[in-house]
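Assemble the whole structure, with the sequences as input and the hints as a guide.
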Amino acid sequence: MEGYTIQGFAEADLSSHQFKFVEWDASDWQIGLPAGDTSETILGVLLNKPGAGEVAVIQVSGVCWVIADEVAIAPFKAISTDTNGLAKLAASGDALLGYVYEAPAGTPASRTTAAGEMIRVFLYDQKSTRKP
Numbered sequence: 000m001e002g003y004t005i006q007g008f009a010e011a012d013l014s015s016h017q018f019k020f021v022e023w024d025a026s027d028w029q030i031g032l033p034a035g036d037t038s039e040t041i042l043g044v045l046l047n048k049p050g051a052g053e054v055a056v057i058q059v060s061g062v063c064w065v066i067a068d069e070v071a072i073a074p075f076k077a078i079s080t081d082t083n084g085l086a087k088l089a090a091s092g093d094a095l096l097g098y099v100y101e102a103p104a105g106t107p108a109s110r111t112t113a114a115g116e117m118i119r120v121f122l123y124d125q126k127s128t129r130k131p
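Sequential numbering of the sequence shown, starting at 0, is according to numbering that gives the first Met the number 0.
For the record, the hints were derived by calculation from the structure and aren't laboratory data. For clarity, every value in this text was computed on a predicted model and none was experimentally measured. Where hints are given, some of them may not hold.
Using 20 Å as the maximum straight-line C-alpha spacing, the simulated PhoX-like pairs for lysine-lysine come out as follows [what the hints assert, rightly or not]:
{"id": "1", "residue 1": "Lys87", "residue 2": "Lys76"}
{"id": "2", "residue 1": "Lys19", "residue 2": "Lys76"}
{"id": "3", "residue 1": "Lys48", "residue 2": "Lys19"}
{"id": "4", "residue 1": "Lys87", "residue 2": "Lys19"}
The following label-pair restraints were derived from C-beta to C-beta distances [said to hold, decoys possible]:
{"id": "5", "residue 1": "Lys48", "residue 2": "Gly92", "range": "25 to 33 Å"}
{"id": "6", "residue 1": "Gln17", "residue 2": "Ala113", "range": "15 to 23 Å"}
{"id": "7", "residue 1": "Ser15", "residue 2": "Arg119", "range": "19 to 27 Å"}
Note that CB positions come from ideal geometry on N, CA and C, so glycine has one too.
Listed below in structure tokens is the structure:
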């Protein structure tokens, strides 16, 4: 991973959510999966596998791997996240979290990923707030 990381405490068991987008919950000052409400702040991508109350390492800038949810693989496509923390194409009103940087080796530029496939993303803004 190439970029800047920060740390916080996981509000729940995030051990099965490595390489997903995570948010900072202002109500308890902890790190969790995006809830889908308009008050959350998406921080970046979870790099480790913390249990509840353990330290979560989050990449907030640079280039990193992210688990995709049916993302069209093409350079510079805008990326956002769903409520499971998976990367998706940004739609109108979504927080812009980054851009597709690189698809898996040998992937044609016009293909769409399957859910669970890894893509490299250039993280755009570690303080993006999900838009309604």
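Hint check:
1. Taking the CA atoms of Lys87 and Lys76, the gap is about 10 Å. The hint holds against a cut of 20 Å.
2. Distance hint between Lys19 and Lys76 is fulfilled; the C-alpha atoms sit about 18 Å from each other, no more than 20 Å.
3. With a C-alpha separation of about 11 Å, the suggested pairing of Lys48 with Lys19 holds against the 20 Å cut-off.
4. For the hint linking Lys87 to Lys19, the alpha-carbon distance of about 11 Å falls within 20 Å, and the restraint holds.
5. Evaluation of the 25 to 33 Å hint for Lys48 and Gly92 yields a pass: the beta carbon distance comes to about 31 Å.
6. For the pair Gln17 and Ala113, the supplied restraint of 15 to 23 Å holds, since their beta-carbon distance comes to about 18 Å.
7. Range check, Ser15 to Arg119: Cβ separation about 21 Å, and the 19 to 27 Å hint holds.
This entry satisfies every hint, going by the numbered hints stated previously.
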